[in-house]
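Enquirer: Listed below are the residues making up each chain.
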Amino acid sequence: MARRFTSFARRAAVVTVAFLTFGGIVTVSAAPAQADKIDKWSSWWQPCKKMCLYYSPGLKGGCWSSNNVYDGEDLSSEIFDTCAGTGTAGVNQAVGGNAASMGNGTTNCNVTAWYYPGWIGYSSADENWLHPGWAGNLTSRLRNNEYSIEMDNCT
Amino acid sequence: MFVICGCSGHRTDPPAPIPVPTATDMASLRYPLDGYRLSARQQAEEDYLYLKLERECMHRLGFDFLPGLTSRIDERVAIKNEIASRRYGITDLSIVRTAGYNLTAAAAGPHEPQSRDDLPPVERAALIGTAKTGPVGGCVGEASRELDLNQKAQTNARTVNDMAEEAFRRTQSDPRVQAVFASWSRCMSTMGFIYGNPIVAAGDPRWHKGSGSPSKLELATAKTDIACKVSTNLIGVEYATEADWQNIEISHNASTLRRISRSVADRRAELEKLMRRMPG
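For the record, the sequence lines run as chains A and B.
The first sequence begins at 0 in numbering that gives the first Met the number 0 and counts up by one.
The second sequence begins at 0 in numbering that gives the first Met the number 0 and counts up by one.
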């Protein structure tokens with residue numbers, strides 16, 4: 000599924016705002032939140048090539064592979080398939096809302112899974128991501144609750 | 000970046016509510032828990048350094064790996080900011096005017112994804128550590144060790160994220176936010192768009208389908224979505240509510256956060272040192 004635009008008006012989000020509360024907490028300068036990085040194992044042995052989602056933890060069960068950067072935004076319409084050596088649990092079930100682990104088989108992109116469709120939400124709560132070459136289990140928030148994905152920052 | 004907290008290691012009275020700012024986008028909003036994480040730039044530097052370390056290792060072994068790698072820290076920061084702008088649904092009108100509810104193409108980065116299977120076998124072996132010579136775990140292993148992508152750092156980040164997640168969840172069901180959702184929903188309905196809240200609007204299955212430009216309906220809905228956020232001050236209300244809940248989390252976890260704060264400071268120093276060694 001194609002993302003459609005090349006124009007990108009960037010914001011320089013460097014404005015510093017201080018909020019003083021009566022409770023004595025002052026926040027000075029900060030940044031976008033940090034999503035959960037779930038790097039745990041090497042992903043190189045995976046049967047799929049790029050971004051991979053698995054029905055079960057530990058990169059097991061039915062698998063689904065996004066071979067195109069634009070694939071799979073609507074994960075509810077995607078189906079787990081059989082992959083060599085990972086087992087058959089969950090095969091033929093919908094990918095959206097059913098994955099427990101994820102792998103990044105690329106050499107040059109991060110991969111991210113979102114809790115909500117449409118890449119919406121608070122990254123600290125609603126995103127899991129992986130460095131190139133890594134794999135891991137989705138966090139409890141995202142497990143069986145991943146509805147959009149992206150391969151991003153492809154270098 | 001820092002957070003001064005008047006809390007001690009034990010529970011204190013809940014912090015007083017933060018005044019609701021008038022906010023039309025997310026760019027200027029800073030949250031109490033932000034002080035316990037790496038900044039967007041530091042996160043971008045960490046991403047870059049991982050690839051740079053891999054590239055240096057591979058170069059030493061005779062391979063021109065990731066030839067397109069440049070620092071592009073600013074671009075990586077911009078991508079993080081774009082994602083952050085979607086915390087309460089779409090909020091960046093400059094993106095929405097052309098992209099509707101989509102992410103921009105820029106978020107994917109300048110290159111197509113490359114699979115490790117696309118590498119020649121000998122290069123792949125050097126990268127992943129199946130070659131007879133080279134570092135343990137290949138250049139992936141070496142880069143990870145040098146950057147110290149250790150579980151402790153991930154655990155600390157996740158501890159902060161767990162607090163942030165709790166605050167965010169409470170925010171969504173907070174009566175102040177429920178009320179502003181209702182106002183936003185009424186505003187949308189006057190233009191014929193029926194959604195209970197901005198997240199439902201962004202997830203409408205009619206969007207993100209197929210290639211080409213977004214439909215006129217998607218663009219009209221997205222622009223109205225943002226206009227209604229502005230007229231109801233949804234961003235300001237959600238921000239203040241979430242910041243309140245984060246402050247409560249901070250007051251309940253002060254000693255843990257003090258420890259994490261020291262660890263984050265160490266990490267910032269490590270990144271600074273590595274960036275001096277490997278500038279973009």
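Do not rely on the hints blindly, as some may be mistaken.
Unchecked claim - Calculated pairs, EDC-like style, for lysine to aspartate or glutamate (alpha carbon to alpha carbon, straight line, at most 20 Å): (1) B:131 - B:147; (2) A:48 - B:145; (3) A:39 - B:145; (4) A:39 - B:147; (5) A:48 - B:111; (6) B:272 - B:122.
As the list claims (entries may be wrong) - If you anchor each label on the Cβ, the simulated ranges turn out as follows: (7) B:268 - A:81: 45 to 53 Å; (8) A:56 - B:190: 39 to 47 Å; (9) A:81 - B:110: 24 to 32 Å; (10) A:39 - B:276: 34 to 42 Å; (11) B:276 - A:40: 23 to 31 Å; (12) B:272 - A:76: 23 to 31 Å; (13) A:81 - B:116: 12 to 20 Å.
Rather than coming from a laboratory, the hints here were simulated on the basis of the structure.
Note that beta-carbon positions come from the ideal geometry of N, C-alpha and C, so glycine has one too.
Enquirer: If a hint holds in the structure, say so; if it does not, say that too.
Expert: Hints, verified against the model:
| no. | hint | verdict |
| --- | --- | --- |
| 1 | B:131 - B:147 | 24 Å, violated |
| 2 | A:48 - B:145 | 26 Å, violated |
| 3 | A:39 - B:145 | 16 Å, holds |
| 4 | A:39 - B:147 | 13 Å, holds |
| 5 | A:48 - B:111 | 13 Å, holds |
| 6 | B:272 - B:122 | 29 Å, violated |
| 7 | B:268 - A:81: 45 to 53 Å | 48 Å, holds |
| 8 | A:56 - B:190: 39 to 47 Å | 45 Å, holds |
| 9 | A:81 - B:110: 24 to 32 Å | 31 Å, holds |
| 10 | A:39 - B:276: 34 to 42 Å | 27 Å, violated |
| 11 | B:276 - A:40: 23 to 31 Å | 28 Å, holds |
| 12 | B:272 - A:76: 23 to 31 Å | 47 Å, violated |
| 13 | A:81 - B:116: 12 to 20 Å | 19 Å, holds |
Going down the numbered hints, you'll see the structure goes against 1, 2, 6, 10 and 12, while the others check out.
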